[in-house]
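Asker: Note that the protein sequences, when read in sequence, are chains A and B.
Taking my numbering, I'd label the letters of the first sequence as residues 1164 to 1482.
Taking my numbering, I'd label the letters of the second sequence as residues 234 to 480.
Hints are supplied without guarantee of correctness; some may be wrong.
[Stated by the list, open to error] Computed footprint of chain B on chain A; a stretch qualifies when at least three of its residues, placed anywhere within it, have a C-beta under 8 Å from a C-beta of chain B: (1) 1225-1237; (2) 1245-1255; (3) 1259-1268.
These aren't lab readings, by the way, just hints derived from the structure by calculation.
For every residue, glycine included, the Cβ atom is placed at its ideal position computed from N, Cα and C.
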Amino acid sequence: MIELQGLEKRYGDSFAVRDLNLVFAEGELTALLGPSGCGKTTTLRMINRLIEPTGGRVLLRGQDTHTLKPETLRRGIGYVIQQIGLFPHLNVAQNVATVPDLLGRPARDTERRVDELLDLVGLSPAEYRFKKPAELSGGQAQRVGVARALAADPPVLLMDEPFGALDPLARDKLQDAFRDIQRRLKKTVIMVTHDIDEALRLADRIALMNAGELAQFGTPDDLIHRPASDFVRQFLGEDAALRQLAGRRAADFAHPGDPAGLPTVDAQLDARSALGIMLREGADALAVTQAGESIGILRWSDLQTIPMQPPISIRDEVT
Amino acid sequence: MTSSSLTAARTGRRRWPWGVLLWPSLLLLCLIPGVLPRLLAPLNLGELTAFDPPLWRLTLTHLGLVALATGVVLGLGVPLAVAVTRPGRVALRQLAETLVGLGQTVPTFAILALAVPALGFGWKPTLLGLIVYGLVPVVSNGIAGLQSVDTSALDAARGMGMTGRQRLLRVELPLALPVLLAGVRTSTVYNVGTATVGAALGAGGLGEPIINGLSQQNTALVLVGAVLSALLALSLDAVLGLFAPRT
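So that you can see chain A by itself, here it is in the shape it has in the complex (with noise of 0.2 Å):
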């Protein structure tokens, strides 16, 4: 879907990027991770062309982006940043048909595309759709960000730290809310994080940059359990197995059993308290229940294994 051939970008004679090559495959949400200063916001830019490179090439469907205006490559891509940028000037609604109106789509058909993503990013349009950015929290605001770069229904989406300046809980509710809108849009992803653990939550692959050149590049399993360096092992910390679970509920985890005599747990917990349960109680079992009703159980052999899609579907609370 988007290859890096080579991409290199050069200040003087320091290196921001020096010669990255990575395919990022069409569907999957793959983190960029790293230290400050490693280089990944530069490669994400060099993507979009915010930051022209100084060497290698970027592949977007076979196509060398280079040989594009740079206003149409970027009006094809998503673009999610860290500081939200929404137009103060313009309602909700208006921030969110940018594109839309930018690409000259008929105004009905964005004004019903708008209530649409604005219905997928879990804000009622009847509520907000007329609201000023001004009046609107920073988790509701970045909801219309992702709303925004939706908009024209985009192959691509580029995200550079984009739950980062929320509160914990915040972050925790719209990274919730944008695994789901990924599993149902299964748009190709790019996302800049310093986060490990949301790089753990939400992607699919994980790209670990260092000094401007990839550390490893792979599932978050390759990264935790194969890490390629000393580097990858110290950054990702030894606890890394613990913080990917601390992302999963125990619901995803869970299979058809007899529930009967094991301790009981929440389908919303997450993984990583739930085996916090399993020691306190000594069980190697838990009975995973929904609203009382018991959906499955919850083997410690089952946490061992990361699964990508929850072999149980839950029903998804409303954040």
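Based on these hints, arrange chain B on the given structure of chain A.
Answerer: Same frame as chain A, now just chain B:
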């Protein structure tokens, strides 16, 4: 923000600001022939005979000069402010700020006097003086307004594929507008005062009774010009205030 003002903002309706009409109506009242002389008579400052040309005509000439100057100032000042605030033009911006600041320190009368040899007497040198003087607040506020635009909004605009022109028209200028309009208001109000000096060059306007009053030692005549130009300035200020967006 109260709920009622929220509703008003949402539906786009505003309560008509009646207060705005105060100064224009006072001005119109004073322009009715005979009203000002009668009002000033008890002060015993001097004889007021019939005005020729009539006061409303002087006021219109004055207003015309100021309006023309403001139009030219907008036409020059806004593009100038835009031009020097484009990325990578920091030196140009500083130069413009310095020049504009310098413009403010030169006395109006000096600008007018210097313009006479080039343009002759009449309204032309006056207009030039008004333009030079009026540019100051418009350019400096324009620069300040454009500089204050949230950089993250601009980054988002660029990232979503707006061209430079679209960013300017859809994001930068609307966001800079309140500060820019404040500059236009200042510029216009200043120029109502400055334009009175133009009468010395034969530009007409409300400076005429002032100058005649001074040469004839007739304070009442001076007062007529002063009161009318003050009312004109207040009226323009009130009317331009209508355009200021409410937050």
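Asker: Look at each hint and say if it fits the structure.
Answerer: Evaluation of the provided hints:
1. Coverage of the region 1225-1237 of chain A by chain B holds in this model, with 5 residues showing a Cβ closer than 8 Å to a Cβ of that chain against a need of three.
2. Residues of the region 1245-1255 of chain A lying with their CB closer than 8 Å to a CB of chain B number 7, which satisfies the three-residue condition for coverage.
3. Residues of the region 1259-1268 of chain A with a Cβ under 8 Å from some Cβ of chain B number 3, which satisfies the need for three, so the listed coverage holds.
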